[in-house]
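Spelled out from the first residue to the last, the chains are:
Number of protein chains: 2
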Amino acid sequence: MDKILLGHGGGGRLSQQLINDMFLRYFDNPVLNSLEDAAALALPHGRIAFTTDSYVVTPRFFPGGNIGKLAICGTVNDLAMRGAYPRYLSAGFIIEEGFSLSELEEIVRTMAHTAAAAGVQIVTGDTKVVGKGAADGMFINTAGIGVLDEHVSISAANAQPGDKVIISGTIGDHGMTILSLREGLSFKANLESDCAPLNGLVGELLRFKQDIHVLRDPTRGGVASTLNEIAASSKTGMMINETSLPLKPQVKASCELLGLDPLHLANEGKLIAVVAGSVAEQVLAVFQGHEYGKDARIIGEVTADTRRVALRTFIGSTRIIDISSGELLPRIC
Amino acid sequence: MDKILLGHGGGGRLSQQLINDMFLRYFDNPVLNSLEDAAALALPHGRIAFTTDSYVVTPRFFPGGNIGKLAICGTVNDLAMRGAYPRYLSAGFIIEEGFSLSELEEIVRTMAHTAAAAGVQIVTGDTKVVGKGAADGMFINTAGIGVLDEHVSISAANAQPGDKVIISGTIGDHGMTILSLREGLSFKANLESDCAPLNGLVGELLRFKQDIHVLRDPTRGGVASTLNEIAASSKTGMMINETSLPLKPQVKASCELLGLDPLHLANEGKLIAVVAGSVAEQVLAVFQGHEYGKDARIIGEVTADTRRVALRTFIGSTRIIDISSGELLPRIC
Chain X
1 MDKILLGHGG GGRLSQQLIN DMFLRYFDNP VLNSLEDAAA LALPHGRIAF
51 TTDSYVVTPR FFPGGNIGKL AICGTVNDLA MRGAYPRYLS AGFIIEEGFS
101 LSELEEIVRT MAHTAAAAGV QIVTGDTKVV GKGAADGMFI NTAGIGVLDE
151 HVSISAANAQ PGDKVIISGT IGDHGMTILS LREGLSFKAN LESDCAPLNG
201 LVGELLRFKQ DIHVLRDPTR GGVASTLNEI AASSKTGMMI NETSLPLKPQ
251 VKASCELLGL DPLHLANEGK LIAVVAGSVA EQVLAVFQGH EYGKDARIIG
301 EVTADTRRVA LRTFIGSTRI IDISSGELLP RIC
Chain F
1 MDKILLGHGG GGRLSQQLIN DMFLRYFDNP VLNSLEDAAA LALPHGRIAF
51 TTDSYVVTPR FFPGGNIGKL AICGTVNDLA MRGAYPRYLS AGFIIEEGFS
101 LSELEEIVRT MAHTAAAAGV QIVTGDTKVV GKGAADGMFI NTAGIGVLDE
151 HVSISAANAQ PGDKVIISGT IGDHGMTILS LREGLSFKAN LESDCAPLNG
201 LVGELLRFKQ DIHVLRDPTR GGVASTLNEI AASSKTGMMI NETSLPLKPQ
251 VKASCELLGL DPLHLANEGK LIAVVAGSVA EQVLAVFQGH EYGKDARIIG
301 EVTADTRRVA LRTFIGSTRI IDISSGELLP RIC
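Heads up: the protein sequence lines correspond to chains X and F, in order.
First residue of the first sequence? That's 1 in the working numbering, and the numbers climb one at a time after it.
First residue of the second sequence? That's 1 in the working numbering, and the numbers climb one at a time after it.
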């Protein structure tokens with residue numbers, strides 16, 4: 001038997017086999033192994049962060065990762081963006097009948113590996129199987145719980161005029177990788193998704209305490225949407241310098257060829273930090289000393305010009321950075 | 001615009017519209033409304049319960065509920081089955097392009113109503129849209145967090161020989177309702193899903209503290225799978241009396257007509273409690289005094305006959321209650 005059958009989602013013997021042979025084998029930990037309806041977890045006293053995302057990316061495998069790596073990193077990163085320490089994840093699989101068991105195993109193995117690298121445990125899960133044609137292969141939902149330190153208050157509403165805006169590295173890598181695979185573009189050999197767990201980097205930033213005002217990962221909608229969301233939540237503006245935006249040459253070239261704006265491309269291993277101007281250079285140095293922040297740059301600053309998010313272009317003119325109206329590329333994550 | 005477009009899942013302006021006009025409107029609460037990457041939650045000191053399920057039921061609307069009601073009740077009930085007080089849910093939607101916005105609104109409204117009835121808040125969420133044909137309408141994932149009292153230790157591993165087995169009401173109602181709708185059977189007019197949040201009932205049971213050994217809701221796989229799971233986890237057997245099993249006449253008749261065993265049919269508003277023999281009658285009285293337990297019965301007892309789960313039939317013979325091997329009915333929840 002090398003394919004997923006309807007019975008694997010039926011709650012009977014086949015379900016038990018799949019849980020034992022696949023999920024317990026790779027996600028192995030005492031809480032999950034107890035197979036209760038809900039995981040019982042002891043947490044330190046205080047607040048927690050809680051988030052969820054579903055992952056529907058196509059293709060499921062891409063240079064730099066697969067849907068399983070994305071499902072761990074995306075949820076770990078959403079927790080980290082509140083300044084939380086990610087601890088526990090759930091994993092919900094919706095699988096199409098006939099899906100390859102060996103492909104599932106590869107994805108589950110990647111999830112286990114990525115979770116270990118990020119220091120989180122998958123403690124509860126669920127599998128549903130739908131008939132042939134009722135889903136496109138597999139979708140994964142993860143929800144996550146993180147621990148929030150008492151004094152951390154990181155929020156998209158905390159940007160203040162004079163703050164500096166830092167990006168942790170090159171932009172558009174994930175979006176352009178998926179796009180090039182999807183369209184069969186010939187330059188794809190040089191592209192790789194940036195998909196990575198950012199909680200380690202964020203952990204180092206937390207030493208700056210109240211001076212870290214905002215953290216956000218510019219995924220769907222790209223840097224453009226994220227900057228606009230921060231400005232709207234904080235009731236501020238932004239002025240970004242085009243010449244400061246870190247861009248891989250192959251992403252830059254692809255964008256020029258296709259007429260795309262890298263500010264609208266998705267990222268899966270990058271974060272935008274809005275920090276007090278007084279510590280910006282020190283924060284930048286911490287970024288640049290970390291594996292996932294070595295190409296970090298200060299890309300601009302927060303302004304009092306309410307809700308005007310603008311780009312100073314390389315020729316010195318200014319244009320509005322608009323949030324994209326819809327879907328540049330469906331199923332990017 | 002009356003249909004879901006790809007752009008509703010794109011992270012841009014259409015996504016914001018959908019969030020504001022639909023999810024914030026119905027799920028309205030301060031934590032969700034802040035639209036952060038993760039919800040920040042203050043919890044009492046101690047342990048929490050954490051669980052997830054995806055919901056793929058077809059048809060999405062049925063007598064007694066819809067996929068939205070199921071998505072709230074199922075996760076609330078999984079938390080309650082650990083003796084936890086459910087508090088916070090996440091909601092992840094995967095929607096097919098072209099899905100009716102008015103149908104989505106009806107489902108979201110039902111979720112909000114059911115969450116309010118169960119006393120839980122939806123504090124974080126996500127929406128993905130996939131192309132026409134890449135999903136069958138809509139799938140919903142919910143994850144949930146509940147608060148565990150310090151002294152509660154309810155687990156599928158806690159059944160002891162001599163314990164009594166209580167079912168909270170009639171069995172097979174949800175499974176037979178979906179089956180009859182799916183097959184267009186003529187007797188469906190009398191059938192209704194039992195889908196309901198059980199945390200209120202469980203809250204009343206918790207007064208019996210350590211005498212409540214196991215709680216489980218017999219969903220996929222039905223009472224048969226649940227009894228086998230408890231027996232396996234607890235390293236015990238079970239002896240169930242067929243004549244004690246509460247069954248609605250129309251479910252009984254339908255099972256006889258179709259040759260189905262009601263022990264294998266799914267339930268979405270029932271629970272099985274394994275309790276100390278000394279308090280069984282008192283616990284039963286509490287069940288019967290509650291809206292969702294008025295048809296409760298003691299259906300058998302836990303035996304030392306390891307892993308043998310048996311039924312004493314109405315003619316006095318004994319047969320094994322086997323776990324179903326696969327999928328009696330796909331997409332039941």
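It cannot be assumed that every hint is accurate.
If several chains are the same, the list does not tell them apart, and a pair holds so long as it fits within one copy or across any two.
No more than 20 Å apart at the CA atoms, straight line, and that leaves these computed lysine to aspartate or glutamate pairs for EDC-like [unchecked claim]:
no., residue 1, residue 2
1, K132, D2
2, K132, E97
3, K132, E183
4, K294, D136
5, K294, E150
Since the hints were made in silico from the structure, they are not lab data.
Which hints from the list above does the structure break, by number from lowest to highest? Per hint list: 4 and 5 violated.
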